[in-house]
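Which chain is which? The protein sequence lines are A, B and C, in order. Numbering of the first sequence is given in my numbering, commencing with residue 31 and proceeding in unit increments. Numbering of the second sequence is given in my numbering, commencing with residue 32 and proceeding in unit increments. Numbering of the third sequence is given in my numbering, commencing with residue 15 and proceeding in unit increments.
Simulated from the structure, these hints should not be mistaken for lab results. Since we're looking at a predicted model, the values are computed, not measured. Any given hint might turn out to be false.
The calculated lysine-lysine pairs, modelled on DSSO-like cross-linking and capped at a C-alpha distance of 30 angstroms, are [to be verified]:
#1 A:246 / B:255
#2 B:183 / C:175
#3 B:280 / A:246
#4 C:591 / B:182
#5 B:182 / A:176
#6 C:591 / A:72
#7 B:197 / C:175
#8 B:209 / A:246
#9 C:175 / A:176
#10 C:535 / C:587
#11 C:175 / B:255
#12 A:246 / B:89
#13 A:176 / B:209
#14 B:126 / B:262
#15 B:194 / B:209
#16 B:182 / B:209
#17 A:176 / B:183
#18 B:197 / B:179
#19 B:209 / C:76
#20 A:72 / C:460
#21 C:460 / C:535
#22 A:176 / B:255
#23 B:194 / C:175
#24 C:460 / A:80
#25 B:179 / C:175
#26 C:76 / B:161
Residues of chain C placed beyond 12 angstroms of chain A at every Cβ, according to the derived structure [stated by the list, open to error]:
#27 26
#28 27
#29 77
#30 156
#31 208
#32 327
#33 344
#34 450
#35 455
#36 507
#37 510
#38 516
#39 517
#40 537
By construction, the Cβ of each residue, glycine as well, lies at the ideal position given by its N, Cα and C atoms.
In case you want the letters, here they are:
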Amino acid sequence: MLLPESASSYAPKVDQLFWIILWITGFFFFLVQGCLLLFVLKYRNRPGRKASYIHGNNLVEIIWTVIPALILLALTVASQKVWAEIRYPKQAPAPSVQVEILAEQFAWNIRYAGPDGQFDTPDDISTINQLHLPVGATAQIRLRSKDVIHSFFVPEFRLKQDAVPGLPTQVWVEPTRAGQYEIRCAELCGLGHYRMKGFVTTEPLANFQTWLTETKANE
Amino acid sequence: MKRALKFGSLGLMVLVLVAAGNKPQEAAAVKPAEAAPAGGASISGSVAVTGSVPAPEKIKMAADPACAQKHTAPVTAQTIAANNGKLQYVLVYVKDGLSGTFPAPAEAVTLNQNGCMYEPHVFGIQAGQKLEIVNDDSTLHNINCQPKANKKFNIAQPTQGMKSVKTFDQPEVPVSFKCNVHPWMAAYAGVFSHPFFAVTDANGAFSIQGLPAGTYTVEAWQEKLGVQSQKVTVADGESKEVSFSFAAK
Amino acid sequence: MSDASHREPGFIRKYIFSTDHKVIGIQFLIASLVFMVFGGGLAMLMRWQLGWPGHALPFMEKIAPEGMPGGVMVPEYYNMLFTMHGSVMIFFGIIPLLVGAFGNYLIPLKIGAPDMAFPKLNALSFWMFPVAAAIVLSGFFLEGGAAAAGWTAYPPLSGLKETMGIGQTMWAAGVVVLGFSSIFGSVNYIATILNLRAPGMTFHRLPISIWALFTTAVLTLLATPVLAAAMILLLLDRTLGTSFFLPAGLIVNGTPLAHAGGQAILWQHLFWFYSHPAVYIMILPAMGFVSDILPTFSRKPIFGYHAIAYASVGIGAVGFLVWAHHMFQAGLNPLLGTTFMISTMAVAVPTGVKIFSWLGTLWRGSLRLTTPMLHALGFISMFLIGGLTGIFLASTPVDMHVHDTYFVVGHLHYVLFGGSLFGAFAGITFWYPKMFGRLLSERLGKIHFWLTFVLFNAVMFPMFVLGLGGMPRRIYDYTQYAGLVHFSGLNRVMSLAAFGLMATQFLFAFNFFVSMFRGRKAGDNPWEATTLEWIVPSPPPHGNFSAPVTVQCGPYEFSVPGAQRDWTMQTEKSEGKGH
Chain A
31 MLLPESASSY APKVDQLFWI ILWITGFFFF LVQGCLLLFV LKYRNRPGRK ASYIHGNNLV
91 EIIWTVIPAL ILLALTVASQ KVWAEIRYPK QAPAPSVQVE ILAEQFAWNI RYAGPDGQFD
151 TPDDISTINQ LHLPVGATAQ IRLRSKDVIH SFFVPEFRLK QDAVPGLPTQ VWVEPTRAGQ
211 YEIRCAELCG LGHYRMKGFV TTEPLANFQT WLTETKANE
Chain B
32 MKRALKFGSL GLMVLVLVAA GNKPQEAAAV KPAEAAPAGG ASISGSVAVT GSVPAPEKIK
92 MAADPACAQK HTAPVTAQTI AANNGKLQYV LVYVKDGLSG TFPAPAEAVT LNQNGCMYEP
152 HVFGIQAGQK LEIVNDDSTL HNINCQPKAN KKFNIAQPTQ GMKSVKTFDQ PEVPVSFKCN
212 VHPWMAAYAG VFSHPFFAVT DANGAFSIQG LPAGTYTVEA WQEKLGVQSQ KVTVADGESK
272 EVSFSFAAK
Chain C
15 MSDASHREPG FIRKYIFSTD HKVIGIQFLI ASLVFMVFGG GLAMLMRWQL GWPGHALPFM
75 EKIAPEGMPG GVMVPEYYNM LFTMHGSVMI FFGIIPLLVG AFGNYLIPLK IGAPDMAFPK
135 LNALSFWMFP VAAAIVLSGF FLEGGAAAAG WTAYPPLSGL KETMGIGQTM WAAGVVVLGF
195 SSIFGSVNYI ATILNLRAPG MTFHRLPISI WALFTTAVLT LLATPVLAAA MILLLLDRTL
255 GTSFFLPAGL IVNGTPLAHA GGQAILWQHL FWFYSHPAVY IMILPAMGFV SDILPTFSRK
315 PIFGYHAIAY ASVGIGAVGF LVWAHHMFQA GLNPLLGTTF MISTMAVAVP TGVKIFSWLG
375 TLWRGSLRLT TPMLHALGFI SMFLIGGLTG IFLASTPVDM HVHDTYFVVG HLHYVLFGGS
435 LFGAFAGITF WYPKMFGRLL SERLGKIHFW LTFVLFNAVM FPMFVLGLGG MPRRIYDYTQ
495 YAGLVHFSGL NRVMSLAAFG LMATQFLFAF NFFVSMFRGR KAGDNPWEAT TLEWIVPSPP
555 PHGNFSAPVT VQCGPYEFSV PGAQRDWTMQ TEKSEGKGH
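Construct the entire structure; sequences and hints are all you get.
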């Protein structure tokens, strides 16, 4: 298992791209390494062996320029489709949950808008390092930073986005299964960078709402 | 590059001056330091708080399981720790009126990180006295200390049992300690050139012993409510009562 | 230059402050190798922590009492280690080695010139290099230690006094000095190649290594000033309170800071605008050496001379258009992700052309598997992996998963070690006889190659697995993450291989220094090669050519049908169609 489990709606699409690229690069890897090995063995200097005086071959050179170019073009197009779906704001699905994460050295300050749907109101629900998200619903996560650049990374979602001071950014994710995952900081942020760990819990909507209510009550 | 040159030539100048100035001491030289005599007077009392004190915030220990597992009951912030109108964690100390020098004790003061809280929350220490910082938790703590008169430091203690030793050379009130991994953690120290300081207990009570006779300004410092000041005169062996009262804002 | 009125210079002018490009080249060579050993040592400490997190290494307590108290590393020390490892290897290792050492040594010889166009500028360019290194490394002795914000030094972390100490300031200052050293060097290389080619040395008769070094020099000239500018702005932010890279609203250690108006991302654009061409600066010369070495030991002309020459220039040009692929997840408008993905995928085309052309060179050759040839083959094999893994990173959605993970660390080591360093070893073992007049031990050379090749792969290949599994880079203790604990065994194996890899390099050092005195005498042309450096004595005298040379054919006229020998020097007429 090379990749972690996939727990978001777009994770399988990212994985599919990965496997396609792996097949293609794998093919060229074995082709070139194979030729290297073959040539080293076959054309080894032996008594009486003379090298061929060849400067090139236009046709062959054109072929090995055009074919890789076409393959790369196809990969670009395939990648762009997935990229636009995940990142282009106009293609983002309408969110049912809105979360704001304010990163700081070395914790994730997580805030939900609460029943009134507005941030910065008394019914906001805050946690440190604990992110809960409902399965099957689109969550919009707004990332900010207080001090230095951090990066919000959840491998199972195939999601990564830098949290940059002075530059609020936004991502969306739709969890597809219940589970517990780790948030890892993926941009060097100081001596606690390695430990800037958060916890994602994805759960059915009812459980999520109960958790929100309980967390608010315990504040 | 220029900076290196500047420091280099500055350093050279200092060396030359020191070498040149190394003459035998003359009458204008500083008197050798002598330890002041220990006295028998004491100042004790309590610190109260008036007005309505806001309920202390609950600390989100769930942020780090290694913290949460050490607590069975919810932990609250210690910013204004009031019990029945009395204030804990107030630093009470002699501000001025002392003469002589008081060499720093050889024993260290220990600042512990336990259950992701500093123990003690507020403490006094003498300039030049060792501060031993210990990580009693199985999680990363960093001790971020940004004093104004003393050397700043920010050190990580990633494993349980790690100890670091620091000293403060200059008197300063307060010196604050923060952990960046656990944003609620806070501790405050008062660094003094003498041993006449105390921190109020859960009943708001404090006691400063061994004072020589004299007239002193005594200050009480609370991390949120500010500083209060009083003048007190004690004769040799006398015990005086001093009370402070802070108004909750 | 070498006229009769020249007095024989004393030891200082001849060997220390020499203006002879060959001496300067060797000075660059030795200095950069020394720095690479230091950089390697830093990596060993990193691998110790990664293999055995939190375990004590007792002797380190004396060397680094604050960084490794009781021999146990603290996180801030680890951050300093990887920062300085990257900075030393790039700025004081590979760049001065490939560009400073070989650019200097080879260019005048291979184009038929007596020296560089500006010999004094050349000497200045060298001497700025150890000064720059001293400034950067001084951080180790200053309060707070050396720079610790990564070799990429993203602000605000790197731009605030509150988050990084004086070591970071020295780092930025030293890099500015090194930048100017590079710029002066590149001016020299360009002027020399354009103006001092011997008669008959047309552009299409230049060895590919010269095409590569020329392109590299142009990249250096155009990109390095941007790096210098970025560093100066960073220095101003750190010392004068400016806010080029610092936005309003920063709160550090509970204190709001007064900066306002700057943008953290601006640094990334400026830094990568240099640092992406920089990676081509670090690979093109190595590719150039491979292109000289392969024909020599295949006894065949290079396959597709024009394609390789123009691909080098093409890689350099397109290399200026891809920088933001380092910033796909940085918060840019996603449209930029699209455009930079296109240019990044595009740069793989000329790169592929080169690899296939090298295969074509080997095909139907008569291969002599000398040490330089082994390193050149190793280069192709390893650089291939580096290049192919770049395609994963070029795909923006896949990059979302692997950016800032060990996948990138694996990729960069395959191109920089598997590529640049094997290329450097190829170059050193190939031109050592010319430089020092002696042959290296082939036996030791081969043992060194094979051990390095195997151990290198053992350390670096698993990094792709770690990265895909979600292990971020620059992490002092990955065992903090439950999902990564199962990588402990793999990390230990990698660390053991790394220690072996470092130890193996002492074989190379031994060979290098002992052969200088005890190696067999090399003669003018021990490899039976064709380019101009092989017609002069080993080592060449001051002024290189005792008589002016005229070039009469291309650089790789091997096995010309009807010729007496299976190699034709560039000063001879070729019976074949090698222009």
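Here is what the structure says about each hint:
1. A:246 / B:255: holds (26 angstroms)
2. B:183 / C:175: It holds: about 12 angstroms lies between the C-alpha atoms, which stays within 30 angstroms.
3. B:280 / A:246: holds (25 angstroms)
4. C:591 / B:182: violated (75 angstroms)
5. B:182 / A:176: Holds, at roughly 25 angstroms.
6. C:591 / A:72: With a Cα-Cα distance of about 26 angstroms, the restraint between residue 591 of chain C and residue 72 of chain A holds, given a limit of 30 angstroms.
7. B:197 / C:175: Holds: residue 197 of chain B and residue 175 of chain C sit about 21 angstroms apart, inside 30 angstroms.
8. B:209 / A:246: Roughly 26 angstroms between the alpha carbons, so the hint for residue 209 of chain B and residue 246 of chain A holds.
9. C:175 / A:176: Given pair residue 175 of chain C, residue 176 of chain A holds - Cα atoms ~16 angstroms apart, limit 30 angstroms.
10. C:535 / C:587: It holds: about 29 angstroms lies between the C-alpha atoms, which stays within 30 angstroms.
11. C:175 / B:255: Roughly 27 angstroms between the alpha carbons, so the hint for residue 175 of chain C and residue 255 of chain B holds.
12. A:246 / B:89: holds (11 angstroms)
13. A:176 / B:209: Status holds; Cα separation ~16 angstroms.
14. B:126 / B:262: holds (10 angstroms)
15. B:194 / B:209: holds (16 angstroms)
16. B:182 / B:209: The given pair, whose Cα atoms are some 15 angstroms apart, holds under the 30 angstroms limit.
17. A:176 / B:183: Answer holds: residue 176 of chain A to residue 183 of chain B is near 21 angstroms, not above 30 angstroms.
18. B:197 / B:179: holds (16 angstroms)
19. B:209 / C:76: Holds: residue 209 of chain B and residue 76 of chain C sit about 29 angstroms apart, inside 30 angstroms.
20. A:72 / C:460: At roughly 20 angstroms apart (the allowed maximum being 30 angstroms), residue 460 of chain C and residue 72 of chain A satisfy the hint.
21. C:460 / C:535: Between residue 460 of chain C and residue 535 of chain C the Cα gap is close to 19 angstroms, so the pair holds against 30 angstroms.
22. A:176 / B:255: holds (23 angstroms)
23. B:194 / C:175: holds (26 angstroms)
24. C:460 / A:80: holds (25 angstroms)
25. B:179 / C:175: holds (15 angstroms)
26. C:76 / B:161: Roughly 21 angstroms separates the two Cα atoms, so the pair holds.
27. 26: Correct as stated: the minimum Cβ-Cβ distance to chain A is 44 angstroms, above 12 angstroms.
28. 27: holds (45 angstroms)
29. 77: holds (20 angstroms)
30. 156: Holds, because the least Cβ-Cβ distance between residue 156 of chain C and chain A comes to about 17 angstroms, which exceeds 12 angstroms.
31. 208: holds (26 angstroms)
32. 327: Fine: 15 angstroms to the nearest Cβ keeps residue 327 of chain C off the interface.
33. 344: Residue 344 of chain C is in fact no farther than 12 angstroms from some Cβ atom of chain A, at 5 angstroms.
34. 450: About 26 angstroms separates residue 450 of chain C from the closest Cβ of chain A, which puts it past 12 angstroms; holds.
35. 455: For residue 455 of chain C, whose nearest Cβ neighbour in chain A is about 20 angstroms away, the distance exceeds 12 angstroms, so it holds.
36. 507: holds (18 angstroms)
37. 510: Its Cβ never comes within 12 angstroms of chain A, the nearest being 22 angstroms, so this holds.
38. 516: holds (24 angstroms)
39. 517: holds (27 angstroms)
40. 537: holds (20 angstroms)
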